[in-house]
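There are 2 protein chains.
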Amino acid sequence: MMRWQPGSRERLGEAAMELFSEQGYENTTVADIAERAGLTERTFFRYFADKREVLFGGGGELQELIVSAVAQAPAGAGPIDAAAAGVEAGAALLQERRAFARQRQKIIAATPELREREIMKLASIAAALAGALRERGVDDPTATLTAEIAIAVFRIAFERWVAGSERRGFPELIRESLDDLGALTKRPRRERAPASA
Amino acid sequence: MMRWQPGSRERLGEAAMELFSEQGYENTTVADIAERAGLTERTFFRYFADKREVLFGGGGELQELIVSAVAQAPAGAGPIDAAAAGVEAGAALLQERRAFARQRQKIIAATPELREREIMKLASIAAALAGALRERGVDDPTATLTAEIAIAVFRIAFERWVAGSERRGFPELIRESLDDLGALTKRPRRERAPASA
Numbered sequence: 005m006m007r008w009q010p011g012s013r014e015r016l017g018e019a020a021m022e023l024f025s026e027q028g029y030e031n032t033t034v035a036d037i038a039e040r041a042g043l044t045e046r047t048f049f050r051y052f053a054d055k056r057e058v059l060f061g062g063g064g065e066l067q068e069l070i071v072s073a074v075a076q077a078p079a080g081a082g083p084i085d086a087a088a089a090g091v092e093a094g095a096a097l098l099q100e101r102r103a104f105a106r107q108r109q110k111i112i113a114a115t116p117e118l119r120e121r122e123i124m125k126l127a128s129i130a131a132a133l134a135g136a137l138r139e140r141g142v143d144d145p146t147a148t149l150t151a152e153i154a155i156a157v158f159r160i161a162f163e164r165w166v167a168g169s170e171r172r173g174f175p176e177l178i179r180e181s182l183d184d185l186g187a188l189t190k191r192p193r194r195e196r197a198p199a200s201a
Numbered sequence: 005m006m007r008w009q010p011g012s013r014e015r016l017g018e019a020a021m022e023l024f025s026e027q028g029y030e031n032t033t034v035a036d037i038a039e040r041a042g043l044t045e046r047t048f049f050r051y052f053a054d055k056r057e058v059l060f061g062g063g064g065e066l067q068e069l070i071v072s073a074v075a076q077a078p079a080g081a082g083p084i085d086a087a088a089a090g091v092e093a094g095a096a097l098l099q100e101r102r103a104f105a106r107q108r109q110k111i112i113a114a115t116p117e118l119r120e121r122e123i124m125k126l127a128s129i130a131a132a133l134a135g136a137l138r139e140r141g142v143d144d145p146t147a148t149l150t151a152e153i154a155i156a157v158f159r160i161a162f163e164r165w166v167a168g169s170e171r172r173g174f175p176e177l178i179r180e181s182l183d184d185l186g187a188l189t190k191r192p193r194r195e196r197a198p199a200s201a
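Top line first, the protein sequences correspond to chains A and B.
Numbered by the working numbering, the letters in the first sequence go through residues 5 to 201 in order.
Numbered by the working numbering, the letters in the second sequence go through residues 5 to 201 in order.
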C-alpha cells in the first residue's frame, strides 16, 4: 500500500513553480521537480499527468465554476449579465490565488508553447460558456458572441490584475471592463437616407 | 535556371484541397499532392513551406488588409468603428473566395491540429488589430478589448457565412453582428444605493 504523504501535491507544485521561474519551463524535468520537493517521480505522477498540468490543472475547476454560475444566474438576467455572472465567479476564485497567478503568468509569457496552450484553454472555456447560455435558451449567434465577449473581458482584466502595478481586485477589474463595454459598442448609426418622421 | 510553370501554384493548391477533402488532411502527403497536380515535390516547396500553408498561407494577407483598413479609417472614427472597418475589409476579401473558404472550413473542422492553428491565427490577427488601434491613439485596455470583440464578430459571422444554408454575404453578416453588439452589451445598472440627487 502507498503511504499518503500530507502536502505532497503542494510541495510538488511549489517546487515546480520555483524551478520554472528559476531555470525556465522547458529546462525543467519532472525528475528536477521531484528532487527539489524531496519526493519521487512516481509520487509526482500520482498528482500530475505531466509538468504542464502544474500550470493548467486548475482550468477545469475554473471552467466548471463559470458554467455553473451562468446556469445559476437569475432567470430574468439577459445573456451578457448571465455571462458576466460567470466570469465574475471565475475572477473571485482566482482572486484567492493571486501570488500563484502572477508567478504562473510570468512563466507562461516566457514560453510560446504555454502561451498557445493558454489561448486554447480560454477558447475552450468560451465554448463551454456559450453552451451554458444556450442551455438558458439564448440562441446562436448571440450565445457565442456573448461568450466570446465575456471571455475577452475576463482575459483582459486578468492581464491587468496580474500586472505588477495593479492594486485593484480581479472582480473589480472585470466589472470595470463590463461597464466600459456599453460605451465602447455604442456605434453611431451608419449614414442612411433621412428618416421620414 | 528553373522554368516558371504557369498556374503551378493554383494546380498544387487545388490538388491539395481535393486530397484533404477526399482522404483527410493527416493522410495526405506532399508527394500525393505533387502527383495529383502532375508536378514534383520540389515544385510544391517552391510555393509552400509545407502542406499546412495551403490552408493558412492567406492569413498574412488577411491580417495586413485588416490592419491597413483600421489605419485608414476616418480620423473621427471611434475604436469600434475603426475595428469594424478592418474586419469588414477582411470579409470583403474572403467574400471573393467563398468556395475555397467553405471547402477549407470543412477540412479544418475535421482536424484538431488545424482547429488549434486557426484559433492561434485569429488570436494573432486580434493582436495585430489591437496594435493598429493603439497606433490611432486608442489606449489599452480599450484597444485590446475592441480588437477581441471585432475578431469575435468576424469569426462568428465567418462561421455563419460558410454554413451550407447561409445565403447572405460575409460583410452583411458582419454588419448584422456589429449592429447587434450595442443591444447585447447594454446592461442594466447594478443595484446601488439610491443616488442622493
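These aren't lab readings, by the way, just hints derived from the structure by calculation.
On a predicted model such as this, the values are computed, not experimentally measured, just so you know.
Certain hints may be false.
[To be verified] According to the in silico footprint, chain B covers these stretches of chain A (three or more CB under 8 Å from chain B): (1) 67-79; (2) 121-131.
[To be verified] Incomplete in silico selection of chain A near chain B, CB under 7 Å: (3) V34; (4) L43; (5) I84; (6) P145.
[As the list claims (entries may be wrong)] The list that follows gives simulated cross-link-like pairs (lysine-lysine, DSS-like), each with its CA atoms no further than 30 Å apart: (7) B:K110 x A:K125; (8) A:K55 x A:K125; (9) B:K110 x B:K55; (10) A:K110 x B:K125; (11) B:K110 x A:K110; (12) A:K110 x A:K55; (13) B:K55 x B:K125; (14) B:K125 x A:K55; (15) A:K125 x B:K125; (16) A:K125 x A:K110; (17) B:K125 x B:K110.
Quick reminder that beta carbons are idealized off the backbone N, C-alpha and C, glycines included.
Cross-check of the supplied hints:
Proximity of the stretch 67-79 of chain A to chain B, defined as three or more residues with a beta carbon under 8 Å from a beta carbon of that chain, is not established by the 0 residues found. Coverage of the stretch 121-131 of chain A by chain B holds in this model, with 3 residues showing a Cβ closer than 8 Å to a Cβ of that chain against a need of three. Given the 7 Å rule on beta carbons, the hint for V34 (chain A) is violated: about 25 Å separates it from the nearest Cβ of chain B. The interface hint given for L43 (chain A) is broken, as the beta carbon of that residue sits about 33 Å from the closest beta carbon of chain B, more than 7 Å.
This hint holds: I84 (chain A) has a C-beta 6 Å from the nearest C-beta of chain B, less than the 7 Å allowed. Because the closest C-beta pair between P145 (chain A) and chain B is about 5 Å apart, less than 7 Å, the hint holds. Proximity of K110 (chain B) to K125 (chain A) is assessed by CA-CA distance (about 23 Å); at most 30 Å being required, the pair is judged to hold. This hinted pair checks out: K55 (chain A) and K125 (chain A) have alpha carbons roughly 16 Å apart, not beyond 30 Å.
A distance of roughly 16 Å separates the Cα atoms of K110 (chain B) and K55 (chain B); the hinted pair therefore holds under the 30 Å criterion. Pair hint K110 (chain A) plus K125 (chain B) holds up; C-alpha atoms about 23 Å apart against a cutoff of 30 Å. Of the pairs offered as hints, the one joining K110 (chain B) and K110 (chain A) is violated, with about 37 Å between alpha carbons and a cut-off of 30 Å exceeded. For the given pair, K110 (chain A) sits about 16 Å from K55 (chain A) by alpha-carbon distance, which is consistent with the 30 Å threshold.
Note on K55 (chain B) and K125 (chain B): the hinted pairing holds, with a Cα-Cα distance of about 16 Å set against a maximum of 30 Å. For a cut-off of 30 Å, the pair hint linking K125 (chain B) to K55 (chain A) stands: about 26 Å separates their Cα positions. Between K125 (chain A) and K125 (chain B) the alpha-carbon distance is near 15 Å, which keeps this suggested pair within the 30 Å criterion. Taking the CA atoms of K125 (chain A) and K110 (chain A), the gap is about 17 Å. The hint holds against a cut of 30 Å.
Proximity of K125 (chain B) to K110 (chain B) is assessed by CA-CA distance (about 17 Å); at most 30 Å being required, the pair is judged to hold.
Violated hints, in rising order: 1, 3, 4, 11; the structure is consistent with all others.
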